[in-house]
Amino acid sequence: MKRYGIANVVTAALLFFAGYAALFIAPDEATMHAIQRIFYFHASSGWAAMEASLIVFVANVAYLAKRNPQWDWLAVSAAEVSLAFWSVMLVTGPIWAHPVWGVWWTWDWRLTLTLILWILYVAYLILRTLVTDPERRAVFSAIFGIFVFLGVPLDYLSIRIWRTQHPQPVVFGEANSGLDPTMLKVFFYCSGVMTLLMILLVRQRYKLERLRYETEELRLAAEEHEEHVDARPGAPASRAGKS
Amino acid sequence: MNAARAASIVLGREIRAEMRTRELLQTTIVFAVIVVVLFNFAFEPSVGEARRFGPGLIWIALLFSASLMLNPSFAREQSNDTIYALRMAPASSFAILLGKTLANLLFLCITEVILLPVFSVLYNVPLLPVIGRLALVLFLGTFGIVVVGTVFSALATQARLRELLLPLLLLPVLIPLLFASVEATAGLLEDAPALDRTWMAVLIAFDVVFFTASWLLCDYLLEE
Chain A
1 MKRYGIANVV TAALLFFAGY AALFIAPDEA TMHAIQRIFY FHASSGWAAM
51 EASLIVFVAN VAYLAKRNPQ WDWLAVSAAE VSLAFWSVML VTGPIWAHPV
101 WGVWWTWDWR LTLTLILWIL YVAYLILRTL VTDPERRAVF SAIFGIFVFL
151 GVPLDYLSIR IWRTQHPQPV VFGEANSGLD PTMLKVFFYC SGVMTLLMIL
201 LVRQRYKLER LRYETEELRL AAEEHEEHVD ARPGAPASRA GKS
Chain S
1001 MNAARAASIV LGREIRAEMR TRELLQTTIV FAVIVVVLFN FAFEPSVGEA
1051 RRFGPGLIWI ALLFSASLML NPSFAREQSN DTIYALRMAP ASSFAILLGK
1101 TLANLLFLCI TEVILLPVFS VLYNVPLLPV IGRLALVLFL GTFGIVVVGT
1151 VFSALATQAR LRELLLPLLL LPVLIPLLFA SVEATAGLLE DAPALDRTWM
1201 AVLIAFDVVF FTASWLLCDY LLEE
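Protein chains in written order, with my numbering: chain A, 1 to 243; chain S, 1001 to 1224.
By construction, these hints were calculated from the structure, which means they are not laboratory data. Positions of the beta carbon are idealized from the N, C-alpha and C atoms, including for glycine. Check before you lean on any hint, since a few could be wrong.
What the hints assert, rightly or not - Counterexamples of contact, computed for chain S against chain A with all Cβ distances above 12 Å:
{"#": "1", "residue": "Ser-1008"}
{"#": "2", "residue": "Glu-1023"}
{"#": "3", "residue": "Thr-1198"}
Unchecked claim - Distance windows between CB atoms, simulated:
{"#": "4", "chain 1": "S", "residue 1": "Thr-1082", "chain 2": "A", "residue 2": "Trp-101", "range": "52 to 62 Å"}
{"#": "5", "chain 1": "A", "residue 1": "Phe-17", "chain 2": "S", "residue 2": "Arg-1076", "range": "38 to 48 Å"}
{"#": "6", "chain 1": "A", "residue 1": "Gly-192", "chain 2": "S", "residue 2": "Pro-1045", "range": "44 to 54 Å"}
{"#": "7", "chain 1": "S", "residue 1": "Phe-1041", "chain 2": "A", "residue 2": "Phe-24", "range": "51 to 61 Å"}
The whole structure should be built from the sequences, with the hints applied where relevant.
Okay, here's the thing in structure tokens:
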């Protein structure tokens, strides 16, 4: 337990330093100035989101192969955390885009793909809330998760083809073309810290899911035990309606 | 019993059940036509605009109709408890899924046969000159819809709010298919109609990827 307390504190310190590095160490961008600094959190959240999504897929496949509920706990934990990071991307992106591109949103392939992934993980989590039986929920969400993951390359492909056929409304070129070495260092540092944060969050959520599972098991066992006691001949007719 | 024979028996059973009432088909067709008609009130398109937005309209109407039509595919089995009989039948789960997929493919194709002439007449978009190539695009797109949709129908059936859940699961996963089908159809409605090879390749890739996935995962789908 203590180990994780230390990990939390260290990550918090590293995150704090990431904020400092993004604001004060990274050099000023020539055309975008201060607003460009959001990039260090925006893009690194993107990395963390992708890594978490990959964990979801691996856990989905592993669950179907092994049928160990632990893989299902990992899948739901990573899915929720990836949704959080995709949301960070979708919020920080327009904050940056409005002053730089002059619009909040454009149907550029990165934005479109992020939005689609966000919707798909929301659907994944909604599916989970609507299936009661734990095993069925695990199997169904694993199947859906695998379908989602298989669709991503096709989404990417079709958005790229679509975008090359239609004119680009974007004013500026790519933000990370020819990045300054210090900027690159700060960016890699921030991505590393975000990954660490992602792992900690998944772990925390996993623990919660395990507790939920155990509570559910206990509740079912208690119900079964009660029925067993009630069914015993000569048992006291304590319940209403039994006398 | 081999898979093809088992699948054809399931297909025959689905068709027989549907032909007794025809309720699924008539409801789906009327729904699709309503979507196409509503488009006029919402956008009031000129002939040029109808040509420009027509492909999107057709596919949105088909996607919405499919996401409603596919729900009873497994929900009916559930409410009549016939799902247990299906599971006990000496047929692989892939054969059962395939039979149902083919039945849904047939029903959705029938819907299209009615929907397209209605669209063509209401919006003055001539479809007859490109009917062969259009049929190919429609078939590939429809196949993709029903392959994913039949699997998701089995998922949604055992959840709460299944009628709402199915479109929620199905529509976002079909986004690449929507892209490819709409763009391929749009290529056929231009002044010099041409079948876009790239989009056809995306459509075929979609069909192959998800057909394989449903083949690999169908055992988990229909287990007790």
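_Taking the earlier hints as the rules, which of them does this structure contradict?_
Violated hints: 3 and 5; rest satisfied.
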